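These protein sequence lines map, in sequence, to chains A and B.
No gaps in the numbering here: position 213 of the first sequence is 235 in this note's numbering, and each next residue is one more.
No gaps in the numbering here: position 126 of the second sequence is 121 in this note's numbering, and each next residue is one more.
Derived from the structure by calculation, the hints contain no laboratory data.
It should be emphasised that the depicted structure is a prediction, and the values quoted were computed from it without experimental measurement.
A portion of the hints provided could be inaccurate.
Only part of the chain B face toward chain A is listed, based on derived beta-carbon distances under 8 Å [claimed, not checked]: (1) TYR17; (2) LEU55; (3) PHE108; (4) LYS111.
Positions of the beta carbon are idealized from the N, C-alpha and C atoms, including for glycine.
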Amino acid sequence: MSQQLENIDEVLSQHKLSQLDYANIKKILGREPNIVEIGIFSAMWSEHCSYKSSKVHLSGFPTKAPWVIQGPGENAGVIDIGGGYAAVFKMESHNHPSFIEPYQGAATGVGGIMRDIFTMGARPVASLNSLRFGNVVNSDDISSHQRFLVRGVVDGIGGYGNCMGVPTIGGEISFDECYNGNILVNAFNLGLAKSDEIFYGKAEGVGNPVIYVGSKTGRDGLGGAVMSSDSFTEESKSLRPTVQVGDPFTEKLLLEACMELFKSDYVIGIQDMGAAGLTSSAFEMAGRSGSGMIMHLDRVPAREEGMTPYDFMLSESQERMLICAKKGSEQAIIDIFQKWELDAAVVGEVTDTGNMELFWHGEKCADVPVDPVSEEAPVLERPMSRPSYLDGLRDVNIDDFDRVDNQKAFEILISSMEVVDKSWVYEQYDSMVQTNTVKKGGMLDASVIRVKENGKALAMSSDCNVRFCYIDPKGGAAAAVMEAGRNVAMSGARPLAITDCLNYGNPENPEVMWQFGQGCLGIKEACAKLSTPVIGGNVSLYNETNGVSVFPTPSIATVGVNDDENRVLMSSFSKEGNTLYLVGETKSEFGGSLYMKEVCDCVAGELPEIDYDRELALWDLVIEANKKSILQSAKDLSSGGLAITLAKMSATSDLGCRVKLSVDDERDIFSESMSRAVIEVAPEDIKTFEDMLGDLAYQKIGTVGGDSFTCNDINMSLAKLDEIYFGQFAKVIEQDI
Amino acid sequence: MKDMKVGIVQFPGTNCDYDTQYAFEKLGCKTKLIWHKDEIFDKNTDLLVIAGGFSYGDYLRSGAIARFSPIMSAVNKYAENGGKVLGICNGFQVLTESRLLPGALKRNEHLHFLSKHHHLKVVSNSNDFLSKMRRDEIVNIPIAHHDGNFYIDDESLKKLYENEQVLLQYCDENGDISNPNGSVDSIAGICNKQKNVFGLMPHPERAMEEVLGSDDGYRMLEGFLGK
């Protein structure tokens, strides 16, 4: 079995293993590893699979609540949503593959996250995605390439999700120069299952068969997990062969076959093959159960001839699952998968040796103890230091820049790619299949589906203000948790839990590591204070190109439950004559604001103040008032402040408004003070509403109506507002085709 | 008609099968899913629906492979004998590929997949499907397709109009023509000459409840139930 490896230094370097790793491997095995074993350790100890740089920071996340059925550690997290049903959800990154090959990178990101959901026994019912691109507005090569990436990623997300018949109902897209060399593609999916019929990734019971199902294995994606654990350079384009190719049709068949399988009682455990393919699924399943496993790699269905044990273990071919089944059910399972025209093969069985024993035509080709691979995986306490760019950053404020009159500032902000309507994107996604979509992309704030099974509605929102995270990595991460929860609450749903996708730069850079550590602290604090535990997520490091790291980007997706599907609160104006309130306190807070970026061309300043109690009070107000059906619409305030929030509400409803906010500084209509919302109330409900406000600061700011948008000293006709808001995005993105 | 029996064909890749089932059950119909490998189906079926999705992945032309599946010869026979067939979205594509309906569905003019609510105008109501609708009535129904660009030659188009086979046209909320995908004459749905085979790109089964934005599809599908 063990053949001495020549050029061991070269082999280690190709597999991104250190001499220290090598020494550990020898200690674990008690001998020299062979090339298959080197491949296994390299994949399992890659940043992507082992979380070696991030692990020390990830402990201590609040992960429990009475409604949490499954926290982090499984393929996805699970919460109870009442009526005997559970929501299973997770968000994951596919950043590196999407930059190298946007269509397939994004498509397989969607495919991967859906498998994570349906491997738990849940049918995927809604997708979101959080996308970050570089500058798309200029006429240079960088912007032109970024526009190509936008078109490719959107096409890929639609191509996969539409074919799967899973609605893509929203998400967020933003643009900043820091993503010029490294875009971010974070895919979220949520599935629905009966709360007592959740499946887990385990392999137990000596003699139980291990069954491989789905697509055949090819050589695609070899070493993908290792690839995505490195920074980008000019040579990264040559990595295209490490990007997997998706086949949504096969995944749709796999989904239906798995759903049919779950109705039987044959399954002990099941896990999808994602990053590091067969290696990670087999090791994780055996590891969770303290079992051993035998696998005959020559029995794995192969797409091509001449593949080696190494190829089988490290391929990242898509649309595959590993099942541990009850002994005796083999043929019944094979029959189900054959009905759906998929491969299914018994490739091994569970043992009590605690070792992963791999065979190739009857001959042992690897023998690795399961537990040590995860337990002895390197855990790094990487050095951290506060980034020098933060020095003096907080002292910058808008008074340092020339004054711009509000009308002009408004015209700049309302045309910003971050603000304008993204229907060009959302209309390429089938958002209505499954006939549950109540609120979708383009309808502002959270996206909402109703649940036919229990009459409730599920609201979900993915958010992260990356400028906030840049000027204050801890507070910015906390603000992302607040904003995602606020968006959910504005639809009348109670935020219950989050999943996160932590996108940061190169962990070998102490300043990046400090940002990461601070981000984790911010999430921990906010999740604890707001009672939205973290039930799963993903870390993506090395988001760096030629030494430039992205802004810290902890994408947060919050999920909440509204008890009545017929009481989903919308975020656009509802009716002429209704009264508008601004709830929450407005101060001159411009740190990291859209105003500062677009008008002053600067990302700096002090983060707006965080007050969790006020945040919660705002959520409670909207949720409780909505239960009494006295609200007509509600929308949170975020980028661009009150003026932009109102303009969006106006444009999406085709109703004007007349608003006057009393302010200390006339620019405060663009301030980004947190924990605020615009709430629309019908005249007959004013008293009931005001009685509910309690200690919350508020102003009655005006009324809905007219054919123009007016807020203090700014004014724009609805026709012009529509033209900019609905026309700008396509104009920019399609300019070179 | 009480207890109308609706059969819904399930190809590999069909993804609106359950939505269609839910919609017809809402109308009080009995529904049954029909597997693509079956060669016969219940002869008491009152309406056969070919639902939306991506049959066989639609990696070739949409609907081009489904046409050859075992169930389709039974569908052909059923239609020839006057059985009512409704093809929605991918189902419409399957019906044109199998020549049960004239014309063809090409890639959308702008080449993008397009998913949104879209207004439609009723052109002919002299058929079972749209019997509950008024001529020129405007409804709001979701569309979601990549290949919805209906093509037909001029001569055949003329015949379609003469025989009142043009069912629906895309329009705006005021009824003015608005073409989302490049279809000839902005046509969204047609039927055969005998008026027992119907095809449309929009999804009436997605417009059954006000909470989802429109219930205009309810009255459309209700037409099949008769008086």
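Verification of the hints:
1. TYR17: B:TYR17 check passes; min Cβ-Cβ to chain A is 6 Å, inside 8 Å.
2. LEU55: violated (11 Å)
3. PHE108: Holds. Min distance 5 Å.
4. LYS111: Check passed: Cβ of B:LYS111 comes within 5 Å of chain A, closer than 8 Å.
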